Amino acid sequence: MNNRIKFYQSIKFKIALVFALILLVTLEIVGAVFVRQLEHQNLATFKNQIQLQTYVTNSLTTQLSSADETKANGRIKTILNDSDSGNTAQIQVIDNKGTIRGTNQINNQAIVGQKTTDDNVKNAIYNGKKFEKTTYDSSTGARYYTMISPLIKSSNNNSTVVGVVYTRANLDSVYDSINSITLIYLFAASIAIILGLLISIVISRAITRPIEEMKKQTIRIARGDYSGQVHVYGNDELGQLASAVNNLSVRVEESHESTESERRRLDSVLANMTDGVLATDRRGNVIIINETAASFLDLDENQAMGKSILDVLDIRKDYSLRDLLEKPDELILDFSSEDHSLVLHAHFSLIQRESGFISGLVCVLRDITEQQRIDQDRKQFVSNVSHELRTPLTSVRSYIEALSDGAWKDPKLAPKFLKVTQDETDRMIRMINDLLTLSRMDSGTQKMEVELVNINELFNYVLNRFDMILKKEDHPEKTYTIKRYFTKRDLWVDLDTDRFTQVLDNLMNNAIKYSPDGGVITCRLYETRNKVILSVSDQGLGIPRKDIPHIFDRFYRVDKARSRQQGGSGLGLAISKETVEALHGQIWAESVEGKGSTFYIALPYEPVEEEDLWDEV
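Residue numbering for the sequence shown is 1 to 617, as defined by the numbering used here.
Because the hints were derived from the structure by calculation, they are not lab data. Heads up, a few of these hints could be off.
[To be verified] As a list, the in silico PhoX-like pairs of lysine-lysine whose alpha-carbon atoms are at most 25 Å apart:
#1 115 / 129
#2 483 / 595
#3 77 / 14
#4 546 / 513
Given the structure is predicted, the values throughout are model-derived calculations rather than measurements.
Required output: the full structure, derived from the provided sequences and hints.
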């Protein structure tokens, strides 16, 4: 948060500015009224000063009424000269014919006897009304006041205009006085504004100081620092506000500590949950998602925040937000792909206040991929076991029924029927033994007797045994040749001899079963940097590409009819895989249809010198 603001943006400046503006407007209004009133009074006084006295106007009226114009003009001049003491105004006496009869201007006596050209004078004579006018001379910049007063003679209730008095006075002295007083007022007002501004700054600082401290404290609270306290300067509104801020700081600290504790507890719970958790607001947008849920959905936590839960779970086509809010249900979501299996169980629940207002939704995701696989495997296993046991049992029952019906009396058929019954019984016993072996491996009760074994010798031993079987049989079903490509270096590996011999026997038996007559079985043994690799290759029909990933599954057969005919249980490769993996190794197959198959076994290996074998002796 930026706690530095410009001075003109501060409340201190605004308070001072408002105070100064109020003072300025007040002084402007007062000044305008004062100057206006001063101008009015000075003009009124000036007009009274230049206006002729009543006895003067009466004398002038009498002289204008006189028949002796020359004598009257002399008397008018005398009257004007007597009344012009200290008067700077220009005065003219004009009769009702428009003739100038006298003037107070000594240097302008030549106009006496001339006709006036002033229309205002003519109008005053004609109307008999007083005329006043203020004019401005742009050439000299002077202001003039003009007054035309009619001279009226009354006789026998009749009034006659005998002439007018034309007065023209310069107003510069009046306005100079007004301007001087105005300048004095403006100077005093400026001083008052400056002093008022300084006072307003002091007052605003006194007002804003506690506000500034409260601002700093709130900024510290926002940053998580609750140590400071605001100084209380008084018991006024600002003092009460400062106390409230201090109390708020304590309450916020307590609430923050409680909230932070709950948040850490919630984060710890969410982070360590094996289930995925999503929480939304009332609009269905994700506001909380833990790492497990993000991992399930293959999303970044920030990427999922703010998105609709319908889009995050990819269920918008089948469900709406109203469906989830009104009828929270449990869904099974399948996110499996070609190379990855993922099945999630989604449980929805509402975030609801005591008032009943729904403020959000919580979704708990549980990975049930393994459970689904186990259920599927269990169903498939039960189905396969039932099928595999039912076939030989049905065969045995059929032959026994035939023997019971009298076939035992036939010396040719009875031995054949008994031989088939014995073979089918042996096959069921082998199958049950294999099932027991797998069961013990699954439960972990199958113990591995691991010892350091020379795998060269062990592999040769197994292959020699198959060669001996071929030599002892006078009429073998098929002939085959075993080729060996072994490293000359002795390789010592930690093995359970019996279990691993069973694995090799199984691979060799499969190679012999599915090899054509006269085929070659190639066995290889070599080492890499940290592994020993064994391989068994045949020249049989091969395995289709689609079946290769499943050949190590229990009861899985590529050619079921042929495998069952040859006495296979469908469990040999499954047992081999479990055994190799128990030895921390790997087993896999490669095959091309029509060209044969190759099975590989990789076991962990650490090179050991022969003399090191006796170190512990």
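Now for the hints, and whether the structure bears them out:
| no. | hint | in the structure |
| --- | --- | --- |
| 1 | 115 / 129 | holds (20 Å) |
| 2 | 483 / 595 | holds (17 Å) |
| 3 | 77 / 14 | violated (69 Å) |
| 4 | 546 / 513 | holds (21 Å) |
Hint violations for this structure: number 3 only, all remaining hints satisfied.
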